[in-house]
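Could you slot chains B, C and D onto chain A? The hints should help.
There are 4 protein chains.
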Amino acid sequence: MHKSRLEAFSDGVLAIVITIMVLEMKVPHGQEWANLKELLPVFSSYVLSFLYVGIYWGNHHNLLHVAKKINAYIMLANLHLLFWLTLIPFTTAWMGENSFGPNTVALYAGNLTCAGIAYFILQKSIEKTLESNHKFRVALRHHSVKGIISQVAYALAIPLAYVEPVVSGLIFLVTALMWIIPDRKIEKVLDL
Amino acid sequence: MHKSRLEAFSDGVLAIVITIMVLEMKVPHGQEWANLKELLPVFSSYVLSFLYVGIYWGNHHNLLHVAKKINAYIMLANLHLLFWLTLIPFTTAWMGENSFGPNTVALYAGNLTCAGIAYFILQKSIEKTLESNHKFRVALRHHSVKGIISQVAYALAIPLAYVEPVVSGLIFLVTALMWIIPDRKIEKVLDL
Amino acid sequence: MHKSRLEAFSDGVLAIVITIMVLEMKVPHGQEWANLKELLPVFSSYVLSFLYVGIYWGNHHNLLHVAKKINAYIMLANLHLLFWLTLIPFTTAWMGENSFGPNTVALYAGNLTCAGIAYFILQKSIEKTLESNHKFRVALRHHSVKGIISQVAYALAIPLAYVEPVVSGLIFLVTALMWIIPDRKIEKVLDL
Amino acid sequence: MHKSRLEAFSDGVLAIVITIMVLEMKVPHGQEWANLKELLPVFSSYVLSFLYVGIYWGNHHNLLHVAKKINAYIMLANLHLLFWLTLIPFTTAWMGENSFGPNTVALYAGNLTCAGIAYFILQKSIEKTLESNHKFRVALRHHSVKGIISQVAYALAIPLAYVEPVVSGLIFLVTALMWIIPDRKIEKVLDL
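Residue numbers (our numbering), protein chains in the order written: chain A, 45 to 236; chain B, 45 to 236; chain C, 45 to 236; chain D, 45 to 236.
So here's chain A without its partners, still in its complex pose (with noise of 0.2 angstroms):
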């Protein structure tokens, strides 16, 4: 009951979240392919996004799916990562205008970032509410061993950006294709 609505609350931020960015790919004047061509990296900004929101909300699923009880400190932990996650729309768009300028790929590396941070505080809140052999909690730490490199690949974007922001946008790609690949561990304990 009290799960449900969280979930159904999340699930419209991260429905919003992910498709009012493409709002953010602005319709160009001209109608030949050249037109369409300027917005390369504009698109790929927001392919490297969809792919994000749509890694959150998958894992937001599994872990809430384990949530026995939520209580106050869970409903903040959501808010917090929520918060995160809606800023993704702007530092896409920043990152995308510009063309993956250095600036504009640390704040997004910073975004991803914290959005991280937020994730790891909202498991642990949850795991807390779980007795400490719990299944969910042995399967989770090949899930934070993910979190880590992520957090390294985050910072690595960052100087590359200034050197050649291409690599910086390929570390997020394969960061992402990280996630995105079954967790055969977490499926199992949960049953998928």
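Calculated from the structure, these hints are not laboratory results.
Fair warning: there could be bad hints in the mix.
No copy labels: a pair is met if it fits in one copy or bridges any two.
Unchecked claim - Within a straight-line C-alpha distance of at most 25 angstroms, the following computed PhoX-like cross-link-like pairs (lysine-lysine) qualify:
| no. | residue 1 | residue 2 |
| --- | --- | --- |
| 1 | Lys190 | Lys172 |
| 2 | Lys47 | Lys113 |
| 3 | Lys112 | Lys81 |
| 4 | Lys113 | Lys70 |
| 5 | Lys179 | Lys113 |
Then chains B, C and D, alone, in the frame of chain A:
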């Protein structure tokens, strides 16, 4: 449980996609009927895309209804479908603002093609979780025929747009209407 | 099950329609009260449409509550209703930005008329699934009277807009208020 | 049943309100940090409003949780609350774009005041459906004290904005934080 959140998220995304398209109909500055008439191509493209997104919602609804369990592949396939559908407001606006110019019709047809393929992949990934002689699998064969006709129609609309854009628009419309006519076979199976 | 997704999708669309209208209230550049005063027509049209969409949501909620099963015709009738409701942000903005100019009032009245007809069709398609002496069918007769009064009011608002637009605005307001007053008969049947 | 749709619609509206505010943070044209710095007032107003809408969602969630039945008055009171909340993106943007100018702060405070009153009316209309000695009614007294403090704070923020806008901003922030601290008494009653 799992299924309900996948549906809620998809419903959210589709509801937003169908609604933000109307934001592309920029309110004209004058208050004469002539000012409104200029919006006719944009309005036509809105009607078309409203139909398509509405149809996708209906089919998605029927498809998910049958799904017994949601695994990671179905979640990915669903996200993949949503990706192409979130691009519809953009391709619709480009086509509308350029009065169904050839390139813009080609892109729109391409978008519908990709969405169609993504839907097919989702259908297959759900079918895999059903027994081979499941009555829904049998009913879906009819569905697949419609899918193939649609893909052919989209492919035809591209070259025809370079001859007469209105014809391509009509092809999109007729294809949409083909889907809107309720599918008795599937309905019977779903006991609608 | 079927019903819940139809409701969720409709709730999503109506929630977005009601909320994106506020995006049409462009933030004025100055910070004087005078800057705000210029927005008065836009704000008035927002209030009107908020009322109408809110009423539609409430009535839709009651109507779907009674529906026993959702067939393909109900799904189409529902989509048809949503189509006219998604146009409300556009017609609202055109009317607001042109200070309730005659043509814009006529279009707004036309939009409400189409939505009213679409609602009537949805009601009929749901009634068909109920037994002929169902208590809700009896209660709906009262509802239908309100519907006819509304259609007459919209029809009156059009010529009056060419005489005095404020009168048309008041007609819209009074019609909305007529719907807002809770309908005891229907409530009793629905056991609200 | 009734309740779930009221919640779903409200969740939808609140999710959209919280998310479209980010659209007001117009992506700057340059890619320097200085370009971003100009957005600081807009960003601050976004953070404030995110907190407020998030808090309203949480309180709304708790309030509706207790409601036994939803009558027409509760539906109207809920719609009335949503009306004031949908205006928040507008008042937030006006305040942010004018760097917390006095008039804009006054309007924002007015918006929060109206939302607060609307929430109070909703609370009362739900309380009426509960028995007079219901434990939740007792717990809500504490809640009402917070409500009164907030109204005083909003009233103070208006004159202070004409002296020093930053102080008003801080008052808004402190008031929000007062609500964010979990309310043990209500939690116990709700068994969170």
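Consistency of the hints with the structure:
1. For a Cα distance limit of 25 angstroms, the shortest separation of Lys190 from Lys172 inside one copy, 21 angstroms, qualifies, whereas the shortest one across copies, 29 angstroms, does not.
2. For a Cα distance limit of 25 angstroms, the shortest separation of Lys47 from Lys113 qualifies both inside one copy, at 7 angstroms, and across copies, at 20 angstroms.
3. Taking the shortest alpha-carbon separations for Lys112 and Lys81, neither the intra-copy value of 49 angstroms nor the inter-copy value of 42 angstroms comes in at or below 25 angstroms.
4. In this assembly of identical chains, Lys113 and Lys70 lie within 25 angstroms of each other by CA distance neither inside one copy nor across copies; the values are 43 angstroms within and 39 angstroms between.
5. For the identical chains of this complex, Lys179 and Lys113 are neighbours both inside a copy (17 angstroms) and across copies (21 angstroms), given an alpha-carbon limit of 25 angstroms.
The structure is inconsistent with the numbered hints 3 and 4, although it conforms to all the rest.
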